[in-house]
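Trainee: Spelled out from the first residue to the last, the chains are:
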Amino acid sequence: MQLFRAYITITLVLCTLPWQATAMNPAEARRTMVARDIRGRGIHDLKVLAAMTSVPRHRFVPQAMQRRAYGDHPLPIGDGQTISQPYIVALMTTKLNLTGDEKVLEIGTGSGYQAAVLAHIVKTVYTIEIRANLHRKATRTLQTLKYTNIHTRHADGYFGWPQAGPFDCIMITAAVDHIPPPLKSQLKEGGRMILPQGNPFSYQNLVLVTKKSGDYFVEQIAGVLFVPMTGEALK
Amino acid sequence: MLLPAVFSVSLASLAYEVLLTRTFAVSQWNHLAFMVISIALFGFAASGTFLGLLDHRRPGWVRHWPEPAMVRRLVILFSLVTLISFCGLNRLPLDYFRLPVDPAQALYLLAAYLLLALPFFFTGLLTSIAYTTQTRRTGRVYCVSMTGSAIGALVPGILLPVFSTGTLVVMYALLPLCVCAGPPLNRPCRLQGYFVRGCGLVCLAAIGMVLVNTAAPLLRVRPSDYKYMSQILRFPHARLTAGSHHLTGRIDRLESPSLRFAPGLSLTYEGPLPQQTAVFKDADAFLMLYDTRTDWPQSFARHTLPHAAYVLVGAPQTALIIQNGGGTAVVNALAAGIAAPTIVEPNPQWAAILQDHYGIPVTTANPRAYLNRSAATFDVIQIESWGGSIPGATALEQSTLLTTNALSLYLSRLKPDGILLMARKTLLPPADSLRLWATAYESLQNHGAAEPARHLVMIRNWDTFALIVSRQPLRLSKRFTQFVRRHNFDWVHTATPTGQPANHFNRFKAPYYHQAVTQLNKAYAQGHTERFFSDYNLDVRPQSDDRPFPGRHMKWTKIRAMYHAMGSRLYAVMLSGEIIVAVVFGEAVVIAALLLLVPMMAGRHARQHMPWRSLVFFLAVGAGFILVELYFIKQFTQVFIEPAISFAVVLAGILAFSGLGGLLSQYCPRAALPRPTFGAAGVLLLIPVTRFWWHPWLLSLAFPMQVAGALALIAVPGMLMGFPFALGMRFAAQTSFQRVYAWAANGCASVLSAVAAAQISLAWGLNAIMIGAVTCYIGAGILAAVAGRPTAARP
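Quick mapping for you: the protein sequence lines, in order, are chains A and B.
First residue of the first sequence: 1, per my numbering; consecutive thereafter.
First residue of the second sequence: 1001, per my numbering; consecutive thereafter.
Hints listed in this document are in silico derivations from the structure and should not be mistaken for laboratory results.
A few of these clues could be false.
[Said to hold, decoys possible] DSS-like cross-link-like pairs, simulated, lysine-lysine; straight-line CA separation at most 25 Å:
no., chain 1, residue 1, chain 2, residue 2
1, A, 211, A, 188
2, B, 1509, B, 1558
3, A, 95, A, 184
4, B, 1509, B, 1415
5, B, 1509, B, 1425
6, A, 211, A, 47
7, A, 211, B, 1509
8, B, 1558, A, 184
9, A, 184, A, 123
10, A, 212, B, 1558
11, A, 212, A, 188
12, A, 95, A, 211
13, B, 1478, A, 95
14, B, 1425, A, 95
15, A, 146, A, 184
16, A, 211, B, 1558
17, A, 211, B, 1425
18, B, 1509, A, 212
19, A, 211, A, 103
20, A, 47, A, 188
21, A, 123, A, 146
[What the hints assert, rightly or not] Just a few of them, taken from the derived set where beta-carbon distance is under 7 Å, the chain B residues facing chain A:
no., residue
22, 1265
23, 1267
24, 1269
25, 1462
26, 1463
27, 1505
28, 1533
Here the structure is a predicted model, which means the values were calculated and not measured.
Here a beta-carbon is modelled for each residue, glycine too, at the ideal position from N, C-alpha and C.
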């Protein structure tokens, strides 16, 4: 009986450890995440590292998922959508080569986490979400966290935000089989656009588009894999 | 009562198997369907193992189990577990793609195996009991079982347009209960028997209706969340406007403002896209219909890669669209000013929808059969084939529209300056692009082209490539080179210098596509193609009809290199269908070994052992039968295009004819056993040898005649294949244990050979499957010839 009790106690303690580690000290969890999953995987852009260290990722995920917020994997946020894994957020942000003065358009607000990371680096972020529920939640979170340089909008991101354009950079967070023509016209000369290529549940590349003198140059950044996250996980 | 029970459960279980393939086609991917159904079929073999163990403990089972009360119980259990199995499967949170990252999925997979194996277990139990207890009538048992199965293979296809999959499962699950619905008809008062039976049937129908209505959510087949249709449905304002079920697939019509399919669209195009409607087949393959009421479709289509073919021809008058999903090819032709392109679509539902939408006649036919019958020539032939929505999802599929034989046919139907065009998605490392290029090269060689590379052009944008093939050496007009430049497309291959570097607008880290095609071209020029194909990390060798263009490109010898090339993630490798086939084969070997070893090891008496010759005989006959089935299914898929039609025709035909063979075997003495076995081997050997004759003949026929021709072709081998097992059960198995063990061995061999056939077909081609089958039958014939003296069978 004593052995059984000891087993139960140890199990309970072990089960609560990860929760305590993140809930009690999210800042430390963030620093660990940045060191291990971002810098450790070859991303050295100081602005990106600083932004990732500052943004409280756990505030952008559902309550039940908070203890897993700083793992290097995507998490479901409702409406069949996910918050991208930290490495992908960092990689996409780094590849935009941001200096700090940009006006950035993000297509697919989702949880608002990517917009928050961008807001730490650039001047203004415009972000569009097609799903009303996600738009509401993300806007509330961003307002609570006092991000004043982020503008959110509930609309179809395919058509961009012509009134706010042109943009220095555009980030599309959903995979598409073609780059939406309306977005290209909202990209400044010399502007950069980044998006994932391929099915969101399988092998993917990142694609960086640069506009120069009316021509478009596409750089394909191979070898990005998104962990599958759907089915039951998305409910 | 036993034989009617065997007939009805055989019918119901085969119908259930057909319905399962339909269910999995929608709710999962072909890998998982293959994996789960293959393993579930071990239920048949497990019944033999179970009875073998029972024979050790209670030898008296042979007297009690065939009694009507026990048969009734088994039939009721069959019905019950079939319903539980289907509903359980629909509720199981099995997510194949999360297998490598979520350990719980392994448990769900195991649960799926067990759930699905149960109905087959009870079917096997009843059949095995019949073989073991009716030892002098094994031919009849065989005939009854096979005829039931043949009808079971055929009927779902006819009923699917009328009833949903779930309703049909309920119907088939309850069908065998008719056997138990009343007292036997040979009772003194037949009228009373009919009355009670009639009441029983009415009750069954009522139970069925109540089940269908109350358990509707459990019976509804939900498409996989990974499928393209599921993804689109998550967007606001997306709605399904129509749907229907067919043997060839579930068709759904979806309308959404978020549908925007424009593969190969130039980055320089800044205009709008037209309104689109998607027609999905099994929730993933789709046909996109464009709203042509405005001039949008034409303007967007003029900015896509496939439009290059029309620019190169100059002023095209005629075009042939070989439609295979997608949907941009039609608007490409319309945008080029061809008002009425010739459209051939093999799927009848898609063909009707296409014709209705654009008001252009659409021919429903196998495109190659159509071209064989028609003498028309075209300025442009476009093959629309974009592949599955997830790389690797179509790895087990093989296309006969992209073989050297097919391309040779297309080339022969081009006008002298005509262009053949194929466009697909770019993948890294280059795979299908290289194989297509090589296929076109070799087809041109067959046509007598002195320098095939001069007849080929490949261009690409950031996610799509287009291969252009001409019967004449290509001279690139200024208009064409400007088209490529203006739309920011890149050259992958051209024999004419263009002044634009490769990898200019759409940059990989290195010009991977250009380098690979250049090396392949050089290999052809220098005669080193063998070295190129064996050194390249992926299988990109061009293929003939014997090994139709496989969706897989993996090489076992290069798997480590591929693993690293794809980010050192197990998940990426799991996308390869071939890996799944190997995993399933490994699982199947372990399960088969367990099912065969356990009863042998548990046996204490000599009568509870199986002579090795008999064991190998039954293994060979089981393996041979399935290999022949799969050979014909794959061969006739080249005729019918739709695998589901081929599956139904072959299964119904072979099972019915072999059932007839089984019945005739009833009149054969023991000495006759080797003759039909060798006869089957001889006739089967003639099938691939005479393919050059019967394949074009079948292609030249109209659909009903194609079915009749296919059945005529399988009639004789099918009938001969019915003899060995039925005769073997009568003469080669002597005791009740040996008969149930033979049943288990036959079941194990069937599953193992079915899994092996998938690998053989992908790796070595279809003829290798038939060679395997012939070898099995010759081996079985030799064993039958040298086996012991004739002895009277005893239960």
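Trainee: Now tell me, hint by hint, if it's right for this structure.
Mentor: So, going through the hints one by one against the coordinates:
no.: 1; hint: A:211 - A:188; result: 7 Å, holds
no.: 2; hint: B:1509 - B:1558; result: 22 Å, holds
no.: 3; hint: A:95 - A:184; result: 18 Å, holds
no.: 4; hint: B:1509 - B:1415; result: 39 Å, violated
no.: 5; hint: B:1509 - B:1425; result: 18 Å, holds
no.: 6; hint: A:211 - A:47; result: 24 Å, holds
no.: 7; hint: A:211 - B:1509; result: 19 Å, holds
no.: 8; hint: B:1558 - A:184; result: 40 Å, violated
no.: 9; hint: A:184 - A:123; result: 21 Å, holds
no.: 10; hint: A:212 - B:1558; result: 40 Å, violated
no.: 11; hint: A:212 - A:188; result: 9 Å, holds
no.: 12; hint: A:95 - A:211; result: 15 Å, holds
no.: 13; hint: B:1478 - A:95; result: 37 Å, violated
no.: 14; hint: B:1425 - A:95; result: 24 Å, holds
no.: 15; hint: A:146 - A:184; result: 31 Å, violated
no.: 16; hint: A:211 - B:1558; result: 39 Å, violated
no.: 17; hint: A:211 - B:1425; result: 23 Å, holds
no.: 18; hint: B:1509 - A:212; result: 19 Å, holds
no.: 19; hint: A:211 - A:103; result: 16 Å, holds
no.: 20; hint: A:47 - A:188; result: 23 Å, holds
no.: 21; hint: A:123 - A:146; result: 15 Å, holds
no.: 22; hint: 1265; result: 4 Å, holds
no.: 23; hint: 1267; result: 4 Å, holds
no.: 24; hint: 1269; result: 6 Å, holds
no.: 25; hint: 1462; result: 4 Å, holds
no.: 26; hint: 1463; result: 6 Å, holds
no.: 27; hint: 1505; result: 6 Å, holds
no.: 28; hint: 1533; result: 23 Å, violated
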